[in-house]
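Protein chains: 2
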Amino acid sequence: MKLTDYFLPVLKESPADAEIASHKLMLRAGMLSQSSSGIYSWLPLGLRVLKKIENIVREEQDAAGVNEILMPTIQPADIWKESGRYDDYGKEMLRIKDRQGREMLFGPTNEEQVTDIFRRTVRSYKELPSLLYHIQWKFRDELRPRFGIMRGREFLMKDAYSFDLDKESSRASYNKFFVSYLKTFERLGLKAIPMAADTGPIGGDMSHEFVIISDTGESDIYFDNRILNLTNIDENIQYNSDLSTIVESYQDLYSVADDKFSEDDFNLKVPEEFRKHTKGIEVGHIFNFATKYSEPMKANVLNSNGKTVPVHMGSYGIGISRLVGAIIESSHDENGIIWPNSVTPFDIGLINLKIKDFDAVKICEKIYLELKDTGIDILYDNKDDSPGAKFSRMDLIGLPIQIICGKNSVKDGTVEIKYRNSGDVKLINISDVVNFIKNK
Amino acid sequence: MKLTDYFLPVLKESPADAEIASHKLMLRAGMLSQSSSGIYSWLPLGLRVLKKIENIVREEQDAAGVNEILMPTIQPADIWKESGRYDDYGKEMLRIKDRQGREMLFGPTNEEQVTDIFRRTVRSYKELPSLLYHIQWKFRDELRPRFGIMRGREFLMKDAYSFDLDKESSRASYNKFFVSYLKTFERLGLKAIPMAADTGPIGGDMSHEFVIISDTGESDIYFDNRILNLTNIDENIQYNSDLSTIVESYQDLYSVADDKFSEDDFNLKVPEEFRKHTKGIEVGHIFNFATKYSEPMKANVLNSNGKTVPVHMGSYGIGISRLVGAIIESSHDENGIIWPNSVTPFDIGLINLKIKDFDAVKICEKIYLELKDTGIDILYDNKDDSPGAKFSRMDLIGLPIQIICGKNSVKDGTVEIKYRNSGDVKLINISDVVNFIKNK
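Respectively, the protein sequence lines represent chains A and B.
Start counting the first sequence at -2; every next residue gets the next number (this note's numbering).
Start counting the second sequence at -2; every next residue gets the next number (this note's numbering).
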C-alpha cells in the first residue's frame, strides 16, 4: 500500500481526554475516530489489526473443533425473560422498542440466543458435544465509558458456547477452551494468566478469567509467579485428547482476581518468594454454568436411555476489540506502538526520504513491488514530507521493520533496515533486501 | 469438514411461512435460524456463503483503490439532525435512547457518520479523491419483513463513500464504482443490469440500481435486451484509467426501474424486438449527491487557490446478505440449491454410502485428506444415514461436485462424480480422483 493512497490521519498531539497509552496512541496513529461516548469508527490501520486478531482467534476456535455461526446484534426480549435475566441485567443492557412496540435489545452476550438455536435443532445425545462460536459486535451501556476501546460501549467479542450431555463431558469442553485460549493469547504475543474468578451475571460454578499483566489494568491480580514459567501449548495439540493435565498444571498454582482474593490463602498456598501482586487487563473469560439456561429454556436432549435431560452448558468469551488496546498497553514506547509480528497491520514500512529523486523513487518502487509480490504486507511512505515527519510517523504506527532509503541509497546502493523494537539499524545492499526480508 | 463434526440442521419440510424459494431453501439447508421477525442467525453453512460473497466484494473494492474502515452500528442522532435527515427517515429508523437519555439510532446507512469522519481529518484538496468503504450490519425496521434475508430488518451491507473536489472528479469516482460493481456481480455468477433510478431518501441527481432478473423480484424492470450482450469487464481493468466509455456503453441502452418508467420513452428509444419487461431483485445502488451532506455538515477542504469549498460526494451500496438469497433465487431446482463455484460453501461433497465397510471408509478418508491437503474445501458425509437421505441432503445444500463412494468403489476401485448443475454422472478410478478434481 502506498501512503498517498492510504487513509491514515495521524495526529501530532495526543487528544486531551485520552488517559492511557493505548487510547492516546490509537487516536494519534489514525487507527480510530470517535463517534460518540464509548463508540468508535475503526480507520484502515486499526481495522487491519482488529482483523488480524479476529483471524487468529477464529483459526484457534476452528482448530479446537468449534463451529462458526453468526447471531444478530438485535435480540428479542422474550428469550431473556425465559431465562430470567431480563430484569437482572440492569441498565448496561441497551433496551429498544421496535416500530410495532415489541421489546428488543442489543445483545451484551448470547447465552439465550444460542440456547434458542440449540433447542430448535438438536434432539439427541448423539449430536453432542456441540460447540458453537460467533464473532459479533456487542453493546454494554457502560455508565462511564473510558480508556477508548478498552472500555467502550460497542465492542467486538468472540463468544463460544458448549452443549454437553453431562457434567463430566461438559468439563472436557471447558478444558478444550481453557487450552485453546492459552494458545490463542500466545499467538498474539501475550502472556495471559488464567485466574479463578467470580461468575457474575453469567452464572455457574466454575469460571476463569484470562488476564495479562499491565500497569494500566483495572483489576488487581494475585498469583504464584511460577505460573509464568509453565511451558507453552504445543502448536499441534490434539484437542480431542485428554487435556486435564495441562489445565491442572495451571490450576494447581494460585492465581485469582481481587474478587476472589484472600490474604490468608495467598500466604498459605504461595511461598513468599513467588507471591506476586500486580494490575491486569482481562482479555478472556470462560464459564461453566451447567443447566442454568437449559432448564428454564427447555434445551433438552434424549439420552442413551431415551430419557429427556437438560444439556450442560458453558460459555467462553474473548474481547477482540479490547485486545487491540491490551496489546498496545503491553508493547509501546515513548515514540509509539511496537506491534508483535502476528498482529502488525503491515510487516514492513518502506520510507523514501528523497521522493523527488528519480533514482531513489526507482529503487523504492522496485523494493515495494518485489516485496509485495512475495506476499509481504508493505506500507510505502511515498509522501512529500520532511525526514523528521516520516521517521516519527513510522515509529508511531509501530511496524516491526523499517526500510529506509535516502541519498546514500543512490550513492552506495544500500538501504537501512531499522528494527522498531530494539532501534537497531543495519545497512543492507539493495540487491539483498528482498531475500533478507523474506528469510526473516 | 466431516459432517459428524459439522452443525448442519437440515429440515425435511419447508417451513409453512416461507414464501419464496430462497427463504425455504435457506431454512431447509440449515443455513439460517430465525431469531425474530426479519432477524436471523446465520448457521455454519449460511455463514460460509455470506463470507465468500463478502470477500469477493472486499477484493473488488480494494482493487478499485477504496480504503476499508468499520463504522459502528450505533450512531448519535446529532449528526442526522445536522444533515436534516433525522426527521425525514421515518419509522424505518430504529431509534434508541441510551441510559443517559441521549438519542441514538441503529444506522440504516452511513452518509452522516462517514462525513463526520472526513471533516475531522481531511483538510486539503491534495488528499482527494478519498474513497472509503465498510462492511457492517445495518437495521431498517421494515413494516412487513418477508422473504427471509431478502427483506429482513438486520442485514449486512457494503457501503462506500466518495469525496471529491468537484463535480467532474466526483463523476470519475462514480464511474469507478459503476464498473467495479459490474465486475463484482460477474464474479458472483450474476448478470446485474444497471438501471437509471430514483434517489429516494439518499438524495442527489444521479443514481443507478443494479438489478438481477428474477421472477420473484419485487421491482418491475424495463430494458433494452442488448444490454445483456455487452462484454464483461476485463479482469485486469485499471481503475485509474478513463472508464467513461464502458459506463456509457451501458447508459446508452434504455434500462429503468418502474419508478422511472415511461411507456412513451420505452417505445421511442427501444426497437420493439429488444424491449424487455421482467421482474428484478435490486442487489446494489449507487448515488451521486454532490454537496447534499457536505454543505450542512461543513465537510470542506481548501482548493488549490486556498478557498474553502464543500466536497462532492457519492455513496455506493451492495446488499451482501440479500445477495445470498438473490443467488439462490437465480440458481436452484426442485431438489435444492445449485451454488456457483465462486460462492459455494464447500467445493466438493464426498458421500460415503457404506460407512460400516472398513474398505469404503479407508477409501473415503484417503480422498478426503488428499483433497483437503490441496486446499480444496470438502464436506465429507460420514454419517450413518440411508443412501436416500444422503443423496437428498447433498442435493439440497447444492455443492457443485459430489464424489460418491459405495460398494462398487471397493469392488471396482471407482467412484462416481456427480455434477449438481447438470446431474451428469461419470465413473472415475479412485487413484485419479485427486488429479481430476484439482485440474477442474
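Note that these hints are calculated values from the structure, not bench results.
Here the structure is a predicted model, which means the values were calculated and not measured.
Possibly wrong hints are sitting among the right ones.
Identical chains blur together in the list; that is why a pair holds if it fits in one copy or across any two.
To be verified - As a list, the in silico BS3-like pairs of lysine-lysine whose alpha-carbon atoms are at most 30 Å apart:
1. Lys437 / Lys78
2. Lys48 / Lys180
3. Lys135 / Lys88
4. Lys404 / Lys135
5. Lys49 / Lys(-1)
6. Lys304 / Lys88
7. Lys266 / Lys49
8. Lys295 / Lys9
9. Lys48 / Lys135
10. Lys380 / Lys369
11. Lys257 / Lys351
12. Lys123 / Lys404
13. Lys266 / Lys435
14. Lys353 / Lys49
15. Lys304 / Lys353
16. Lys369 / Lys48
17. Lys78 / Lys88
The hints, checked one at a time:
| no. | hint | verdict |
| --- | --- | --- |
| 1 | Lys437 / Lys78 | neither (55 Å within a copy, 53 Å between copies) |
| 2 | Lys48 / Lys180 | both (18 Å within a copy, 25 Å between copies) |
| 3 | Lys135 / Lys88 | both (15 Å within a copy, 24 Å between copies) |
| 4 | Lys404 / Lys135 | neither (51 Å within a copy, 51 Å between copies) |
| 5 | Lys49 / Lys(-1) | both (20 Å within a copy, 27 Å between copies) |
| 6 | Lys304 / Lys88 | neither (40 Å within a copy, 48 Å between copies) |
| 7 | Lys266 / Lys49 | neither (39 Å within a copy, 52 Å between copies) |
| 8 | Lys295 / Lys9 | between (57 Å within a copy, 23 Å between copies) |
| 9 | Lys48 / Lys135 | both (16 Å within a copy, 20 Å between copies) |
| 10 | Lys380 / Lys369 | within (19 Å within a copy, 44 Å between copies) |
| 11 | Lys257 / Lys351 | neither (59 Å within a copy, 54 Å between copies) |
| 12 | Lys123 / Lys404 | between (70 Å within a copy, 26 Å between copies) |
| 13 | Lys266 / Lys435 | neither (49 Å within a copy, 59 Å between copies) |
| 14 | Lys353 / Lys49 | neither (35 Å within a copy, 42 Å between copies) |
| 15 | Lys304 / Lys353 | between (79 Å within a copy, 27 Å between copies) |
| 16 | Lys369 / Lys48 | both (19 Å within a copy, 25 Å between copies) |
| 17 | Lys78 / Lys88 | both (16 Å within a copy, 26 Å between copies) |
Comparing the model with each numbered hint stated earlier shows that hints 1, 4, 6, 7, 11, 13 and 14 do not hold.
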